[in-house]
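Trainee: Next come the chains, spelled out residue by residue.
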Amino acid sequence: MAFNIYDFTTLTHSIHVGLAESFSPVVATTIEWIIVGVTYLLFVALFGLFLVYAERKVCAAFQQRLGPMRVGPWGLLQTIADFIKLLMKELIMPRKADWFLYNIAPFIVIIASFMAIAILPFAPGLQSFDFDIGIFYLTAVSSVGVIGILIAGWSSNNKYSLIGAMRSGAQILSYELSVSLSLLTMVVFAGSMQFSTIVEGQRDAWYIFSGHIPAMIAFIIFLIAGTAETNRGPFDLAEAESELVAGFHTEYSGVKFAMFFLAEYINLFIISAVAATVFLGGWMPLHFGNLESFNHVMDFIPPVVWFFGKVLFVIFIIMWFKWTFPRLRVDQILTLEWKYLLPINLVNILLMALVVLTKFHF
Amino acid sequence: MKSFIEYIVSVFKGLWTLLVGMKVTAKYFFTPWNHVTQQYPENRDTLVMFERFRGEVIMPHTENNEHLCTGCGICEINCPNGSIEIISKSILTPEGKKKRIIDQHIYHLGMCTLCNLCVKACPTGAIVMGQKFEHAVWDRALLTKVLNQPGSKIAEGVKE
Numbered sequence: 001m002a003f004n005i006y007d008f009t010t011l012t013h014s015i016h017v018g019l020a021e022s023f024s025p026v027v028a029t030t031i032e033w034i035i036v037g038v039t040y041l042l043f044v045a046l047f048g049l050f051l052v053y054a055e056r057k058v059c060a061a062f063q064q065r066l067g068p069m070r071v072g073p074w075g076l077l078q079t080i081a082d083f084i085k086l087l088m089k090e091l092i093m094p095r096k097a098d099w100f101l102y103n104i105a106p107f108i109v110i111i112a113s114f115m116a117i118a119i120l121p122f123a124p125g126l127q128s129f130d131f132d133i134g135i136f137y138l139t140a141v142s143s144v145g146v147i148g149i150l151i152a153g154w155s156s157n158n159k160y161s162l163i164g165a166m167r168s169g170a171q172i173l174s175y176e177l178s179v180s181l182s183l184l185t186m187v188v189f190a191g192s193m194q195f196s197t198i199v200e201g202q203r204d205a206w207y208i209f210s211g212h213i214p215a216m217i218a219f220i221i222f223l224i225a226g227t228a229e230t231n232r233g234p235f236d237l238a239e240a241e242s243e244l245v246a247g248f249h250t251e252y253s254g255v256k257f258a259m260f261f262l263a264e265y266i267n268l269f270i271i272s273a274v275a276a277t278v279f280l281g282g283w284m285p286l287h288f289g290n291l292e293s294f295n296h297v298m299d300f301i302p303p304v305v306w307f308f309g310k311v312l313f314v315i316f317i318i319m320w321f322k323w324t325f326p327r328l329r330v331d332q333i334l335t336l337e338w339k340y341l342l343p344i345n346l347v348n349i350l351l352m353a354l355v356v357l358t359k360f361h362f
Numbered sequence: 001m002k003s004f005i006e007y008i009v010s011v012f013k014g015l016w017t018l019l020v021g022m023k024v025t026a027k028y029f030f031t032p033w034n035h036v037t038q039q040y041p042e043n044r045d046t047l048v049m050f051e052r053f054r055g056e057v058i059m060p061h062t063e064n065n066e067h068l069c070t071g072c073g074i075c076e077i078n079c080p081n082g083s084i085e086i087i088s089k090s091i092l093t094p095e096g097k098k099k100r101i102i103d104q105h106i107y108h109l110g111m112c113t114l115c116n117l118c119v120k121a122c123p124t125g126a127i128v129m130g131q132k133f134e135h136a137v138w139d140r141a142l143l144t145k146v147l148n149q150p151g152s153k154i155a156e157g158v159k160e
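Going down the list, the sequences are from chains A and B. With the first letter of the first sequence counted as 1, position 4 gets the number 4 in the numbering used here; the numbers rise by one all the way through. With the first letter of the second sequence counted as 1, position 144 gets the number 144 in the numbering used here; the numbers rise by one all the way through.
Chain B extracted, bound-state conformation (with noise of 0.2 Å):
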């Protein structure tokens, strides 16, 4: 007698775990607005993409052409594949010392495979992810950049 009640209880409890199945796809049928398909080439101009969409590694500037980056090499050490090359160079201070900045921070967008890691790695938080996607060229050369752009300087006040 008992097996069969238990018999019984799963024919209803089977029953029931369908019906919250069909319930979340219902959901999902009956609210189209939520759809995430792109009509990518149409939409293209309103196109945003998600905030933690990784689409290449960018080093924002400010207004004034300054950025954050020491030239520590820290994401040069930390990238798992070489996409990363620092090249330094020494200055002068107006104290008279000597100070290592950033010359060209060399990045490799064709050998990247964006995982992260440089971004993580970086003390200054200098660069970050750009949601850029469209990334196709002739030619494989242009997919090597210089992230910090041409008489760009350190900002005022980043620690070392």
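Next comes chain A alone, as it looks inside the complex (with noise of 0.2 Å):
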């Protein structure tokens, strides 16, 4: 089986004629879902886990404390530990809670992120499917999560929850707009809406260098309204621990639990690896223009390096934005979105249409 780190088009490619010699074509094809599918899911499964870790030893080191030390060496085994623990709770659900609804909200949270995590390309070749209106998809989908927000929060009957959910629909609808059109800017500076084609695009300078001025200001409002869109905080008023429990998973326990938790940093992966890939170039090695010499150095990184550093770096920005500020108003959040971040964004992507037109860009 011919392996190479560079390029996985080889392995999954002799993966896919291995898979047809020795079976019919569906049989294989139902192989080949399987496959992805378990992947994605221990993927998902291993680095939840290890975000989770992530952000408690983050946030530990930006308030001067240690973190988890106990479980394992410098706390390792801690969210392994506690995984288990939440597997094996009782599940509990409100008398009158809507039977239905309310079972099936998690699943509609975590199924949203699914689908979402499909589109990103990790390395060339690693992409489970790559098709023309790639950044179209991944905003209408990671949409969906926000009606399971909403049904959780509607069928626990309970009023936390219901405030929590409520806020979390405002927030994510409002601020959906600056995701979109902040991704928008880049697809005018791209010409193209499929992943494989944008990464391709940056080959030579990374967007966010390229596009110079009105790439960094959508890097920035990106930033900020993927961090809202992600429910986490600054803009944790779903959740807001001091005043409503835990928001619209209060009524959730064990496995159900889990599966918000795990979404939510699904999610935080998502929003990361989009600006990763399309602000500062995906799996694409750093190149600059002439330093041949330098960009050889570069090119003998794994581009799976590449993607994971860059994402773990915006993973990194993002979680020292919720260990920093202090969480906003109802009114602060709709201001910050209606009043700021909207108008610039408009602003910006005519002053990308403007850059493209007149060639002003590198």
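Because the hints were derived from the structure by calculation, they are not lab data. All values derive from a computational prediction rather than experimental measurement. Honestly, I wouldn't trust all of these hints.
[Claimed, not checked] Below 30 Å or equal to it, Euclidean Cα-Cα: the simulated DSSO-like pairs (lysine-lysine) are:
| # | chain 1 | residue 1 | chain 2 | residue 2 |
| --- | --- | --- | --- | --- |
| 1 | B | K145 | B | K98 |
| 2 | B | K153 | B | K99 |
| 3 | B | K120 | B | K99 |
| 4 | B | K99 | B | K145 |
| 5 | B | K13 | B | K23 |
| 6 | B | K23 | A | K339 |
| 7 | A | K85 | A | K57 |
| 8 | B | K89 | B | K145 |
| 9 | B | K23 | A | K57 |
| 10 | B | K2 | A | K339 |
| 11 | B | K145 | B | K132 |
| 12 | A | K339 | B | K13 |
| 13 | A | K57 | B | K27 |
| 14 | B | K153 | B | K98 |
| 15 | B | K13 | B | K2 |
The task is to assemble the complex, starting from two chains supplied on their own in separate frames and drawing on the hints.
Mentor: Given below as structure tokens:
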């Protein structure tokens, strides 16, 4: 089996050929689906656990603490222990909750996250599907999760859940605009919505460098709006421990709570991965115009490392936001979106169009 | 036009304040040697409590077994929850005068809130706050302590 760390197309192709030789086309396709599904499931579970651990460590460091240190060396097994605890906990359901909606809500949230993660290119050849309206699909799918949150808040039959869900709805509906518009700015620049084309277009320079001022403004807006989209602090109104117990997942316990928790961290990963792909070049190594030897050294680092390095960098920035800024009030959140981010974004899109028209970019 | 300029200024001012906040946390993040967490049972031998930490009330004694307590009872009066009991006794000084001195300075650690009022009120500075914090015992009676050591006496030259 051909294996190349720089390009996974040969590996996936050889798996496909191997399966097609020994099975009928239907069975082979089914097996491929299962392999892809299990891979994503494993990846999401492991990366989710890692993100929870990283969040606790990063948070601790920002607050001059150490974080988890007892379970395993440096507390590495802490999140695994927490996860096992969550799996073993009793599933409690409020007596007057809506049975069907209450039970389906966590699945809607997590399915939306999984659908969004499918479009991301991890490395050349490591992308489960790639089609020409990738960014459009991503923005559409990532806003499905809010339906799950609203259903969870409504069906729990709890005032805190409902308030949290409604806040989350208002917030995500508002910030969806900014996320889409800032991505649209980059689509104007890239001239494509397809992720592979976008990444390929950054071979010479990442869009945040080649698009200079409008791209940087779009990047900042995307980071702010993306943080709000994932319901993370300082925009964690939907959970707001000090006001709403736990917001929309107050009444959830055990595995169902774990699903919400996992979905939150997958969304963090997705937002960071999209920021890394659209602005920072995805798996494309850092290249500078004519510095041949430098570019060659950068090419030596595998694309997967580049991708995850960038993703972790963006995740770190978003965590930095969360553990620095205090939570906004509802009116402040809406003011920030409608009076600041949206107008700036609209002007920025015009600016980007001008830059593209006058070819004033690198 | 004026309000538009104010709007633009407010955007940059807002961004600037955010950056100031992020600078503070970045300083915390990138100076891990300043972290305050103590890995307590592991570093038990090296752990030094801070000077201002209040663990318990103690009465320091010199190597000659002398303390500064006159038995005046001001600490007892000042204690908000009656954690201190002063038992005094009368002795005859070599000059033949009657003098009241401390017999037992009884301190109930179990009742003490470590408010520091007795230490502040003490006119001679005889009692101070100690740094010991491992106070767990199996019997509540062990929390009642006599602060002046047996056979100790008041140091020379303490004004009464």
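Trainee: Next step is simple, just say for each hint if it's right about the structure.
Mentor: Status of each hint after checking the structure:
no.	hint	verdict
1	B/K145 / B/K98	holds (28 Å)
2	B/K153 / B/K99	holds (13 Å)
3	B/K120 / B/K99	holds (25 Å)
4	B/K99 / B/K145	holds (25 Å)
5	B/K13 / B/K23	holds (15 Å)
6	B/K23 / A/K339	holds (26 Å)
7	A/K85 / A/K57	holds (20 Å)
8	B/K89 / B/K145	holds (18 Å)
9	B/K23 / A/K57	holds (19 Å)
10	B/K2 / A/K339	holds (17 Å)
11	B/K145 / B/K132	holds (14 Å)
12	A/K339 / B/K13	holds (15 Å)
13	A/K57 / B/K27	holds (16 Å)
14	B/K153 / B/K98	holds (16 Å)
15	B/K13 / B/K2	holds (16 Å)
No hint from the list above goes unmet by this structure.
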